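J.: These are the residues of each chain, in order.
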Amino acid sequence: MKKLILTFLFSPLLISSIMAQKTFPQNGVFDHREGLFAFVNATIHASPGQVTENASIIIKDGKIVRVGSGVSVPQDAVVYDLKGYHIYPSFIDMYSNYGMPEPASEGSRPDRQPQMLTNKKGAYMWNEALKPEFKADEAFKTNTDQAKELRGLGFGAVATHRHDGISRGTAALVQLGNGKEHELILKSETAHHMAFSKGKSTQSYPSSLMGSIALIRQTYLDADWYSKEGYKEEVNISLEAWNEAKKLPQIFDTRDRLELLRAQKIAKEFGLSYIFKGSGDEYMRLDNIKATNAPLIIPVKFPAPYDVSDAFDAMQVSLSDMKHWELAPSNPARLAKAGISFALTPHGLKKKSAFLKNIKKAIKHGLSEKDALAALTTTPAKLMKAESLIGTLSSGKMANFIVTNKPIFEDGATIHQNWVGGQGFVLKGFPEEAELVEGIYNLNVGKEKYKLHVTWDEDKPSYKIKENDTTDVKVKYAYENKIISLSFKDDGKLVRLSGTSDNTKAKGQGYDTSGRWVDWAISPTREPIEKEEKKDKKKPKSEQPELGDVVYPFLPYGWKEKPKAETVLIKNATLWTNEKEGNIVADILLSNGKISQIGEGLTARADKTIDAKGKHVTSGIIDEHAHIAISKGVNEGTQYSSAEVSIAHVVNSEDVNIYRNLSGGVVAAQLLHGSANPIGGQSGIVKFKWGFTPDEMLIPNAAPFIKFALGENVKQSNWGDKYTIRFPQSRMGVEEVYDDHFTRAKEYGQLKRSGKPYRKDLEMETLLEILESKRFITCHSYVQSEINMLMKVAERHGFTLNTFTHILEGYKIADKMAKHGAGGSTFSDWWAYKYEVIDAIPYNAAILAKMDVVTALNSDDAEMSRRLNQEAAKVVMYGGMSEEEAWKLVTLNPAKLLHLDKNMGSLKVGKDADVVIWSENPLSIYAKAEMTFVDGIKFFDRQEDLKKREEIREERNRLVQKMLGEKNNGAATQAPSMKRQHHYHCDHIDDEMGEHHEHHEDHHHDH
Amino acid sequence: MKHISSIIIILLSFHFSWGQQTPAEPQSKPVLILGGTAHLGNGKKINNAAITFENGKIVFVGDAATVKVDMSKFDVVDGKGKHIYPGFIAPNTQIGLVEVDAVRATRDFYEVGHFNPSVRALIAYNTDSRVTPTIRSNGVMMAQIVPKGGRIPGQSSVMMLDGWNWEDAQYKADEGIHLQWPSSFRRTGWWAAPGPIQKNDKYQEQIANIKKFFDESKAYAEKAKPETINLKFEAMKGLFDGSKQLYIHTNFAKAMMEAILWAKEYDITPVIVGGKDAWQITDFLKEHDIKIILKKTQDLPVREYDDIDQPFKTPQMLEDAGITYCFSLDGAWEQRNYVFQAGQAVAFGLDYEDAIKGLTLGAAKVLGIDDQVGSLEKGKDATIIISKGDVLDMRTCVIEYAFINGRKIDLDNKQKALSRKFTKKFGIDVLHD
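Residue numbers (numbering that gives the first Met the number 0), protein chains in the order written: chain A, 0 to 1006; chain B, 0 to 432.
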């Protein structure tokens, strides 16, 4: 039992008002109090790792005066003896929205029509998602309910901001005490907050993640221009605020690990350091996140186990979700072990009360108590540059501390009090010193005699009447204001007693079973209480749980260790060289990521030698037009030009279709912006390096490309009858968009070269690159008139249109394309899905090729892309192309169109070792890619794939068992949900699972 | 009678046309296909085959070496080195119901309302669709045309892909009613930012609505003479007297089981359309004698962690389990790639002749027309195709002859005509057949 030392009891709210508000008129008698308190004999955890037993803390006027052992206690201080108790600095949340107004939209967006500009009136930014002028200190209003909840978790101060928008304005550091805002704001501006999510903005732009990235980048440029030149031309309150806020720490909210890496790229580009608010999945890309050197703010949101008791429903839960359930609690420990500095936040918890419980869970998963405490106190204080105010217990700092019954992270630890700026708040009363200690007592009620057993569990006593060791009767017990009351049933009738007590005896009056007013008394028996009687809730200190592996990417078929390039000798295969030698039977050596030798009877030393007799070896398939491996939006179709956005910024390395494509012999792809607008976005040209990061997937020094689009999609023909506002609505207008933009880009180039000051414009920069033939166009196109038009536009503006993609009517003007020098990347046999493809023919590729147009076949489809070899074979079927030429349609020719043919697209010594071993003639539907190498690294092996399936089965089974175990132990579970695989493509309405669409979706956007 | 030794080749006369092919004349003279590999559609093949047909029906199928016929009585097709198959039957399509997907005026497969059992796909069937000949050119001779949308979109029919109007193109009219089983999972988010797929909390309610409709339909069907005629319930009668099939569209294993057990309460053995997860419950499907129209096998796996080739190998798993199934491919123009669904399955373990069965006799069985068509057997319709090479592989597939009920089908199409037009302009050659 706890030794009982204290006898003070506070009003549940406030102990005293410390500071007076000097500028305010006084109503009533002036009541200044010094607030001089001394807390003595406590164990004080002044900062992480610094523990002093038997120490004292003196506070005055809301601040700490002295801390330590042997400090002298002022005579006029109110003294509290905290023997047996612990004192910690109160926690700090630097990612709060405490006291902030509910985010709201500035207005509303017209139904199914674009909102081109902000609805916010005034001299602010054009984009509603940018609100750097929002200041938390101006908007802050105390909220007693919220403050009480946060204090209950141990928090004393929070940095709060409004969680809304791409620029969210500044945060303020506030105390969680009661009083006027004037007193509670500790620091008016602690940070500028940013995010990719546009929040409540109803403005159309940006609609995609890449749009948000472009908007942020442009805003940095605009702010820079404004401070130098722009201020002479306009007043822009937002840009002024942005420039002011740049002096503060920049905190960037990220929704997943890849967003964090994407934001870091922005920081790097503009020479900034961000603090990242993470999402809790950082462990999935730990090394890369470590390499940013950025401090983090980490939520402790750990998913509940899925209810997997129904086998069929359980099947729908993705492996990554299951694994994340298991590994999420280890995230903080892994970050700490990697030496990453981080603060913890309760942000994102549905039930805030789970905060401390989850931190304890993180500690069980390897986080040290010292690191945990630092993440709650010193680290946030330091990141906010508020370490002189809060975070540790030392003289001069705010009197923000909590009193606990035992070390805070131990089981059964209770926060009894939370002092904020010298205001004391009671969360839970201390056990009273006059309560009965553990033991067996005689209870005499009138003439009746009972045996009373008192046991203590932590700080809660339990009273029972025992008879002959067989029956237990629970005794209701209360001790309040020094009065003890007991009630229990005897033979179904109630006995009610009240009186006074000390540690070993009690007495008083009450009613016996027959309702008579009688005397009663409790006296000790000196009988020892039996061990088993005491409920032993304390579980044995659990070992660190056994966890599954982190795999890269964090998906099924991910790697435990990233594969490396090897020297591989493939012997006796039919080599489809795509060179003048044609198909030959020979050996091929891959080393250092390159094709190093081709010839008969090669004898080089190799890590692996593969006898591929009877098999076929080709260079890997290159998909000129793909939309897989893209995060959060493939179109920024909100404006007719979005040249400033780039798919390269949103490459998604965590898409299982990368692996599936490798299984179809596909090694590289141009990841394209959609076709919603005439001038789309820049491309991401990647190799399918499964497990690597987005940046590692991007092909270094690849020629830059941009997507253009023509026809029905850009004129919104199939978006429904309401989409008739955005220019252009006809093929006539499409030409105007191009002519206008290239004219402006030319003028922009002239201004730029003139040496005069100019506003750097990312859209214009991109278009200028096109005019200077430094960036190439791949244009979504169907109908001959528009294809012809765009070639004429290009000729007028002095560049060559590189590629027409889809180009289903290319066969009608193949002669003009050849003359202009445009290539074509087409479908083998698609047609009739929209009006502009009614004249599409499967002979298109054959005709284009015959007319000397560089011709490729593309997928535009996550499913078909892994069968591009079959699509090539269809040109043999429709049009009678030779097999060797047909094979080039998916290898050498797309390499040429993408300006990658110097290193890719054929089997030639010196080219990249992007090589596929096929079970038979790769044009056959029966052919299977057996191994796929990218840069000499084997990323797919059909035999190893079988092993991976087995591992996936075992891992799922292990996790299912573990979840069932938790459910049986009474853990709350969540209903199974299925991870959605989204597949973008240009012209097809998606029809996942072929199921009924229960949920309305906007199907009018083509990609 | 003389032993066959010489080979006479029929000269084909192609119509030069703008994609508007003229329906074929009825068969006037017996035809002999001599030589070639005949894939019978029932899992068997004959390496050097002789096949004769007369008045639209197959008269003889056998080994060419053992047969003696008077060749002068036949139009003889030289099958040597070629492959002969029953004409392919594509189930669950929108052929003739839509011309251009994105153009609303050409979409005729969706009617307003949740329960439309009286709506018939048949009468919207466009025999003059420019799309259909491009499908025929790839060997599909017959198709089930199916309405879509709502809970019960309507009735399907089996059509021959050649005819002057829907009446003479029909093969089995109004043969089934389609039911879209509710999704046990529901999608969240939107296309650019998909949320997780969560349990559909209206699932039970939606099933209850179906049950109510069926209960009322059944009660109506049992009345001798209803006071008020209800066309919806009239249409439903066929399900209870066995004259129409019930096609239930669903993919998840649990939903399939629930749907089947539900239908059994009405003494209906449904056909499952979709069946992506059918491989998980083959014993159950076998036990309940369920036939399956398997959706698109050239597809991505349902779940991220599924075997990467799961859709490719599902047909083989159903075949091994002894389940009657056939291939399918949703949509209209897409049916040109119908046969390759089977080719893909062969690459991943399905026996070749079984794959052909899945495009022919299997489909005929599922649609309940296998006593008349679907295999190269005596007495059955002479619905036959001949390909220069293996038809399941695009590398070798070149369809040279096609017959529906013995009528010789024009294999030209709009796309070939457009190609001819422009290759002529440019003075180049590409192969069109």
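Hints are supplied without guarantee of correctness; some may be wrong.
Looking from chain B toward chain A, a few residues come up when the C-beta cut is under 10 Å (computed) [what the hints assert, rightly or not]:
| # | residue |
| --- | --- |
| 1 | W332 |
| 2 | R335 |
| 3 | L391 |
| 4 | L417 |
| 5 | S418 |
| 6 | V429 |
Worth flagging that the hints you see were computed from the coordinates, not collected in a lab.
Since this is a predicted model, take the numbers as computed values, not measurements.
For glycine and all other residues, C-beta sits at the position ideal for the given N, C-alpha and C.
J.: Are the hints correct? Go through all of them and say.
T.: Okay, the hints, checked on the actual structure:
{"no.": "1", "hint": "W332", "verdict": "holds, 4 Å"}
{"no.": "2", "hint": "R335", "verdict": "holds, 6 Å"}
{"no.": "3", "hint": "L391", "verdict": "holds, 6 Å"}
{"no.": "4", "hint": "L417", "verdict": "holds, 5 Å"}
{"no.": "5", "hint": "S418", "verdict": "holds, 4 Å"}
{"no.": "6", "hint": "V429", "verdict": "holds, 4 Å"}
Checked against the numbered hints given earlier, this structure breaks none of them.
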